[in-house]
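Asker: Going letter by letter, the sequence shown gives residues -23 to -1, 1 to 393 in mature numbering (1 follows the signal peptide of the UniProt record, and there is no 0).
Hints in this document: simulated from the structure, not taken from any laboratory.
Remember, it's a predicted structure, so these values are computed and weren't measured experimentally.
Do not rely on the hints blindly, as some may be mistaken.
[To be verified] No more than 27 angstroms apart at the CA atoms, straight line, and that leaves these computed lysine-lysine pairs for DSSO-like: (1) LYS69 <-> LYS184; (2) LYS167 <-> LYS64; (3) LYS296 <-> LYS69; (4) LYS315 <-> LYS222; (5) LYS344 <-> LYS392; (6) LYS191 <-> LYS296; (7) LYS64 <-> LYS222; (8) LYS117 <-> LYS255; (9) LYS233 <-> LYS167; (10) LYS64 <-> LYS255; (11) LYS191 <-> LYS117.
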Amino acid sequence: MNVKKFVMLMMAVLLLGACGSKADDKKEKAKPASTEEKADDKKTVEADAEQKDEEKKSAKKEDDGSELNSYIKEKTGGDVKVVYTNKNPGLKHAYSEDVTIEIDEYQIVHVSNMNESAKTDFDDENEGYVLTYKMTLDNKADEDVYYAGGVSLLSDDGEEYIIPRQHFVDRDEWLKDDSTEHASQYSKGKSFTGMNAHSMTKAQFEKLTTPTLKIDSLFLDDDVSKKLGEDAVFKLPFNEGGAKKAETTAELYQDKMVTDNIADKEIFFQKTDMKETKEIDGVKITLDGVQYANVTPTDAHADRFTNFGDGGLVALTVKTTIENGSETPFDKFLIDRKLIIDDDRGTMFNQGMLEPSYSGTFNPGDKDEILTVFLFRKDEFDIFKKFELQIGPLKDENAKALFKEKSVSFDLPVKK
């Protein structure tokens, strides 16, 4: 059996030790803050609230009701009415330190009374909606980058992909670099702005609050195997309720439960500023933080969680940063990660299917973020008292352990 397939199978298995009797937790008494600290905190909160209010007011002032994409009316022959506009979404993703993509603005319009031929893009219905977004690819790197144009828009419940309709945008306004030989090639040291669109039926639109827009990762040297960074994942609020949900989602570590709408997560404890570093022969492994969340699977993925019973679920997502300061490359996918529970109660392996898709090699000098996910039945989670994260051994592409099979361990904070 292929080594990586075997490892992936093992990663999907959840090993829990026997559950002991439930003990009463001792509640820590929080040390009261000083009057000065409370006053400072209050001022900070008020200042942050005022800043957010100003940003919202500014966005409303800028929104004059004009159409972002006037070509929709020409293409459909229909009546177009602006439904929602966000001129300052604040959505930006870094593929690397020098290459970013940003959603500058997006708009939803209602289309009715359209030409018969245009109805094919709306499931042959008489009305529908179109999402248009303007994006900017900024390449400050010293080499050209390549983007094949791959995008997807996933519904809140994870059940539907909303089809992209590039033909709803005038070709002159597509994201492209006219100076290069290949359509997917973008010159070094330049910035490019263009638009894309998706069509929706009335039924699709009415159930969307905060769909997920995913823009494919870039690549180098016109070779898709030389990937640059990870996919850009953005939550696009379609209304005020969606905006509040997007603010909450932005605080979550971006595992696949979030990026692929596999489950809704509600954090009940987090510590995101730990910065504890340990080392394996020059490879620095830093524990950045942890998030504990109650998990509710979306309708499209509920069947994937049936083995956990009908009770509640808890997810632990651990963020680490790995920097290869050694002279030895090692495989990203084959990094062993497991959780030691209550010293000797049991061992749990990470849920690789709920983590970002890690592939490729940590070459000397490389530095990257790694998210690790563990999933619990809530009734069992409530019993456990102590978690120890073990990372390692590190392995090569043939699953051979490196660095004398060494590993590092971190004690994880737990609060219920």
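Asker: Could you run down the list of hints and mark each one as holding or not?
Answerer: Hints, one by one, checked against the model:
1. Annotation: proposed proximity of LYS69 to LYS184 holds, straight-line Cα distance about 26 angstroms (limit 27 angstroms).
2. A C-alpha spacing of about 23 angstroms is found between LYS167 and LYS64, which places the hinted pair at or below 27 angstroms, so the restraint holds.
3. About 20 angstroms separates the Cα atoms of LYS296 and LYS69, which keeps this hinted pair within 27 angstroms; it holds.
4. In summary, the hint linking LYS315 to LYS222 is not supported, as the alpha carbons are separated by about 31 angstroms, beyond the 27 angstroms threshold.
5. Between LYS344 and LYS392, the direct Cα distance comes to roughly 30 angstroms. Violation of the 27 angstroms bound is thereby established for this hinted pair.
6. Pair hint LYS191 plus LYS296 holds up; C-alpha atoms about 21 angstroms apart against a cutoff of 27 angstroms.
7. The straight-line distance between the Cα atoms of LYS64 and LYS222 is roughly 18 angstroms, inside the 27 angstroms bound, and the hint therefore holds.
8. The hinted pair formed by LYS117 and LYS255 fails the criterion: a straight-line CA distance of about 33 angstroms is larger than 27 angstroms.
9. Only pairs whose Cα atoms come within 27 angstroms are accepted, and LYS233 paired with LYS167 is rejected, the gap being roughly 32 angstroms.
10. With a C-alpha separation of about 44 angstroms, the suggested pair LYS64 and LYS255 falls outside the 27 angstroms cut-off, and the hint is violated.
11. With a CA separation close to 22 angstroms, the supplied pair LYS191 and LYS117 stays within the 27 angstroms bound.
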